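So for the sequence shown, my numbering puts the first residue at 1; every next one is plus one.
Worth double-checking, as some hints may not be accurate.
Simulated restraints, written as ranges between beta carbons of each label pair [as the list claims (entries may be wrong)]:
no., residue 1, residue 2, range
1, Lys284, Gly28, 36 to 46 Å
2, Lys260, Pro281, 23 to 33 Å
3, Lys159, Ile266, 49 to 59 Å
4, Met176, Ala221, 16 to 26 Å
PhoX-like cross-link-like pairs, simulated, lysine-lysine; straight-line CA separation at most 20 Å [what the hints assert, rightly or not]:
no., residue 1, residue 2
5, Lys198, Lys17
6, Lys284, Lys234
7, Lys103, Lys91
8, Lys198, Lys95
9, Lys87, Lys117
10, Lys261, Lys17
11, Lys93, Lys103
12, Lys234, Lys260
13, Lys103, Lys17
14, Lys284, Lys251
15, Lys91, Lys117
16, Lys93, Lys198
17, Lys198, Lys91
18, Lys49, Lys234
19, Lys103, Lys47
20, Lys177, Lys17
21, Lys177, Lys198
22, Lys159, Lys177
23, Lys49, Lys17
24, Lys260, Lys284
25, Lys47, Lys234
In case anyone wonders, no lab produced these hints; they're calculated from the structure. None of the values given here were measured: they were computed from a predicted structure. The beta carbon of each residue, even a glycine, is placed where N, CA and C say it ideally should be.
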Amino acid sequence: MSEFTNKIDFAVVFSVKNANPNGDPLNGNRPRETYDGFGEVSDVCLKRKIRNRMMDLGHPVFVQSDERNVDGIRSLSERAGAAPELKAAGKDKEKYAAAACEKWMDVRTFGQVFAFKSKDKEGKGTEGDGVSVGVRGPVSIQTAVSVEPIDISSMQITKSVNGEPGEKKSSDTMGMKHRVDFGMYVTYGSINHQLAEKTGFSDEDAEVIRQILLTLFENDASSARPDGSMEVCKVIWWRHNCFLGQYSSAKVHRSLQVRKKSGVEIPRSHEDFEISVTEMPELKVEIYDGI
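Construct all of the structure, not just a fragment, from the sequences and the given hints.
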């Protein structure tokens, strides 16, 4: 693999229609929103989708969700303990981190905290003397926020089926489903050269991330997010010409404007928005349509 060349900034513009992009467990699983009514999708949620797409493309991933588990290991400590490369590193933190970054793509991308207890007399914990290693990843991504305040619709649903065998029909169970009628969201991210050098993140890895962002919602369908309800509209990819970048990420991100078109009162599709990027001297920008 080649080394990571220069700093990269990126942005993803995506739409949500009749779906719950990221439920808030502290608010009845309603779609997340700010106090001002703007929709939110957490960075943790977005990283989970990126990890899932890494697995779809055949890349090894350390942090696997239970429903997308591919190696039969159900905990992070057991997955780390089962890796011979990490066992060979022993107590050397630098070798341990390097081995983890080389083995798992999400570790060298987002970083990871390896903090596992040693086994006690009852055999609980991980093998060895315990682990406490931190890895900072080069790829950071922000919480996605909607361009306009969102409208949330709620629907009462009824479960009318027996969960267990019995002669009598069980009583109906009531529930609620929530969805965003329509929302245009934007998230921003960056790839840091200094941290990429430390984790071994390469130009090839950056290209994988770009491809993943274009297909972020593939194989992500659920009852809350039916196929076609979430769509990547644009991916903006800024390539700097030096390690540190000619401009700060904040200035680069501000060059993207996503605005509601003049005359549109209530946007119902991504076509109701204008997406433009202000060019900055000597900063290469690539704009891709979502797949």
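Hints versus structure:
{"no.": "1", "hint": "Lys284 - Gly28: 36 to 46 Å", "result": "holds (45 Å)"}
{"no.": "2", "hint": "Lys260 - Pro281: 23 to 33 Å", "result": "holds (29 Å)"}
{"no.": "3", "hint": "Lys159 - Ile266: 49 to 59 Å", "result": "violated (33 Å)"}
{"no.": "4", "hint": "Met176 - Ala221: 16 to 26 Å", "result": "holds (21 Å)"}
{"no.": "5", "hint": "Lys198 - Lys17", "result": "violated (40 Å)"}
{"no.": "6", "hint": "Lys284 - Lys234", "result": "holds (16 Å)"}
{"no.": "7", "hint": "Lys103 - Lys91", "result": "holds (18 Å)"}
{"no.": "8", "hint": "Lys198 - Lys95", "result": "holds (11 Å)"}
{"no.": "9", "hint": "Lys87 - Lys117", "result": "holds (15 Å)"}
{"no.": "10", "hint": "Lys261 - Lys17", "result": "holds (18 Å)"}
{"no.": "11", "hint": "Lys93 - Lys103", "result": "holds (15 Å)"}
{"no.": "12", "hint": "Lys234 - Lys260", "result": "holds (15 Å)"}
{"no.": "13", "hint": "Lys103 - Lys17", "result": "violated (38 Å)"}
{"no.": "14", "hint": "Lys284 - Lys251", "result": "holds (14 Å)"}
{"no.": "15", "hint": "Lys91 - Lys117", "result": "holds (13 Å)"}
{"no.": "16", "hint": "Lys93 - Lys198", "result": "holds (13 Å)"}
{"no.": "17", "hint": "Lys198 - Lys91", "result": "holds (19 Å)"}
{"no.": "18", "hint": "Lys49 - Lys234", "result": "holds (17 Å)"}
{"no.": "19", "hint": "Lys103 - Lys47", "result": "holds (18 Å)"}
{"no.": "20", "hint": "Lys177 - Lys17", "result": "holds (14 Å)"}
{"no.": "21", "hint": "Lys177 - Lys198", "result": "violated (44 Å)"}
{"no.": "22", "hint": "Lys159 - Lys177", "result": "holds (12 Å)"}
{"no.": "23", "hint": "Lys49 - Lys17", "result": "holds (18 Å)"}
{"no.": "24", "hint": "Lys260 - Lys284", "result": "violated (26 Å)"}
{"no.": "25", "hint": "Lys47 - Lys234", "result": "holds (18 Å)"}
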